[in-house]
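In the order they appear, the protein sequences are chains A and B.
Taken in order, the first sequence gives residues 0 to 217; the numbers are from numbering that gives the first Met the number 0.
Taken in order, the second sequence gives residues 0 to 217; the numbers are from numbering that gives the first Met the number 0.
Everything labelled a hint here was simulated from the structure, so no lab data went into it.
It is possible that some hints are incorrect.
[To be verified] The calculated label-pair distances, taken between Cβ atoms and stated as ranges, are:
hint, chain 1, residue 1, chain 2, residue 2, range
1, A, Arg165, B, Gly207, 21 to 29 angstroms
2, B, Glu15, A, Arg75, 42 to 50 angstroms
3, B, Thr50, A, Ile146, 51 to 59 angstroms
4, A, Arg75, B, Ala157, 27 to 35 angstroms
5, A, Ala24, B, Arg141, 43 to 51 angstroms
6, B, Gly48, A, Glu196, 51 to 59 angstroms
7, A, Ala87, B, Arg141, 29 to 37 angstroms
8, B, Phe10, A, Glu13, 53 to 61 angstroms
9, B, Ser81, A, Tyr56, 29 to 37 angstroms
10, A, Thr6, B, Arg7, 52 to 60 angstroms
11, B, Phe10, A, Gly52, 44 to 52 angstroms
12, A, Ile146, B, Gly48, 33 to 41 angstroms
13, A, Ala36, B, Arg141, 27 to 35 angstroms
[Said to hold, decoys possible] Stretches of chain A that chain B covers, calculated by requiring three or more beta carbons in the stretch to come under 8 angstroms of a beta carbon on chain B:
hint, stretch
14, 82-91
15, 178-187
For glycine and all other residues, C-beta sits at the position ideal for the given N, C-alpha and C.
There are 2 protein chains.
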Amino acid sequence: MNAETATRKSFRREGEDKRREDLIAATLECVAERGLAGATVREIAQRAGVTAGLIRYYFPTKDELIGAAYRAVMQRMTVQASDALRSANDDPRARLYAFVTANLGQPIMDPHNLSLWAGFIALVHADPAMAAAHRDGYLGFRDELEILIRDALLSARAPAESRHTRSHAIAINAIIDGLWLEGCLAGDIFSDGELAETGISAIEAVLGISLKAEGGAP
Amino acid sequence: MNAETATRKSFRREGEDKRREDLIAATLECVAERGLAGATVREIAQRAGVTAGLIRYYFPTKDELIGAAYRAVMQRMTVQASDALRSANDDPRARLYAFVTANLGQPIMDPHNLSLWAGFIALVHADPAMAAAHRDGYLGFRDELEILIRDALLSARAPAESRHTRSHAIAINAIIDGLWLEGCLAGDIFSDGELAETGISAIEAVLGISLKAEGGAP
DNA sequence: GCTCTATTTATGCAAGCGTATAAATACTCC
DNA sequence: GGAGTATTTATACGCTTGCATAAATAGAGC
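From just these sequences and the hints, can you work out the full model?
Next comes the structure, spelled out in structure tokens:
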């Protein structure tokens, strides 16, 4: 009952990891909702339930927070795709099939993910650190894909020398990226699963093998 | 030699079209160089050689200028691709070939274009007008592609019903977009023309026809 | 329970933003 | 060549931004 009712906000001290995660999550929410421009330190802080000053305690500068958020997005998508692999780990062709359909369906193919990704990509050209982060993610993805492709080809008794698998990986990576883009941007003009089907068919054509049955090429 | 040396900047009155083009060009320079955040009205005006206030005379709000700039980028890329078509307008398969290689080479496959495109795409999700602008551009591109595909298939005496050409257009559009992306982001890790070649091969596989010679499928 | 420190709040600042508006001026038309 | 107008400059306002800093406090360790 003091005359000075200027009560300070009560708070809890959280572990460092937890706070960083919360701040990154809040950042992603902001970017997804109103674009990179909407991700101000004040907005992020409010969404994370803390005051703005705290951000600087965990991230020396806002750009570092943004960069951390970008890495988190990429990692999240990568993990989700790998999860799909772990669910169907028997036949190599089925594994490639699962990998592709996972990347072309929920929750990876989502407008929010695209907004985040595009916002960051726009910075890649200006920020070398961001560019390096991107390249690592891209090459990692392609390497994983190339292994899946090689195993699928071998399983179908098709030639799988590295000079073939490399260009196949480039092409199939493009198919996945391109369809992912189309789906994120205008998912409503495609029927359910249409893009995943289209992708599988195109990839089967490129590789010259079937991914659905064990029969291999007819 | 007046004591009041506060001389006003001298200026020329330009035609409305010229000014709008200049302002859009200046905007694109800013976005390409330092991202959307670097495209401030003051910076844009300076680069266009005018004062900031003038922007508002031609564009009621900054967002409208940004939107106009986005449409200009898309149109520029579309026109460049169409130019390639006009240079090789004999055989339908050669036309498709030319269209693909044009989109996967200079000047379309360029990091600047990607920065511009990505910066704008990040806004699509938040801004309905931008979303409409994008959808129009995308569907226009895909329609043009679908016609090229149909003609190429017919020329090779392959089935070309619309339900086939539609899904082919989706897949091939994805291949082009995906490879364009890869090239823009990391062009230096690919040899010259590698991506265009990869794209052509993948597209030939999807369509089941050859695009290089007149011989059709073997 | 007291102390000490890492964590958090609160406040302020300087810079830059988009926009508004009035004054100046280059060009057009008679 | 003089009047009128469309175009352009110049200036200022109100906001928001990222960042800095000092004061407060929650929770751990003795």
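Handout entry: Arg141 (chain B) and Ala36 (chain A) - C-beta distance against the hinted 27 to 35 angstroms
Key = holds, 30 angstroms
Handout entry: Distance restraint hint 29 to 37 angstroms, applied to the beta-carbon atoms of Ala87 (chain A) and Arg141 (chain B)
Key = holds, 32 angstroms
Problem - Verdict for Arg75 (chain A), Ala157 (chain B) (Cβ pair) under range 27 to 35 angstroms - result: Cβ of Arg75 (chain A) to Cβ of Ala157 (chain B): about 42 angstroms, so the range 27 to 35 angstroms is violated.
Practice task
Take a look at whether the Cβ-Cβ distance between Thr6 (chain A) and Arg7 (chain B) falls inside 52 to 60 angstroms.
Solution key: At 55 angstroms between Cβs, range holds.
Practice task
Please test the hint of 43 to 51 angstroms on the beta carbon pair from Ala24 (chain A) and Arg141 (chain B).
Solution key: violated, 36 angstroms
Handout entry: Outcome for the supplied range 29 to 37 angstroms, where the beta carbon pair is Ser81 (chain B) and Tyr56 (chain A)
Key = violated, 54 angstroms
Handout entry: Assessment of proposed distance window 53 to 61 angstroms (beta carbons of Phe10 (chain B), Glu13 (chain A))
Key = Hint holds: Cβ distance 58 angstroms, inside 53 to 61 angstroms.
Problem - Arg165 (chain A) versus Gly207 (chain B) beta-carbon gap, inside 21 to 29 angstroms or not - result: Taking Cβ atoms as reference, Arg165 (chain A) and Gly207 (chain B) lie about 23 angstroms apart, which means the hint holds.
Practice task
Given the hint of 33 to 41 angstroms, check if Ile146 (chain A) and Gly48 (chain B) actually sit that far apart at their C-beta atoms.
Solution key: violated, 54 angstroms
Practice task
Mind checking the hinted window 51 to 59 angstroms against the Cβ distance between Thr50 (chain B) and Ile146 (chain A)?
Solution key: For Thr50 (chain B) and Ile146 (chain A) the Cβ distance comes to about 58 angstroms; the hint holds.
Problem - Glu15 (chain B) paired with Arg75 (chain A), Cβ distance criterion 42 to 50 angstroms - result: holds, 48 angstroms
Handout entry: Verdict on chain B covering the stretch 82-91 of chain A, where coverage means 3 or more residues with a C-beta closer than 8 angstroms
Key = The restraint on the stretch 82-91 of chain A is violated, since only 0 of its residues have a Cβ under 8 angstroms from chain B and three are required.
In this structure, the earlier hints numbered 4, 5, 9, 12, 14 are contradicted, and the remaining ones agree with it.
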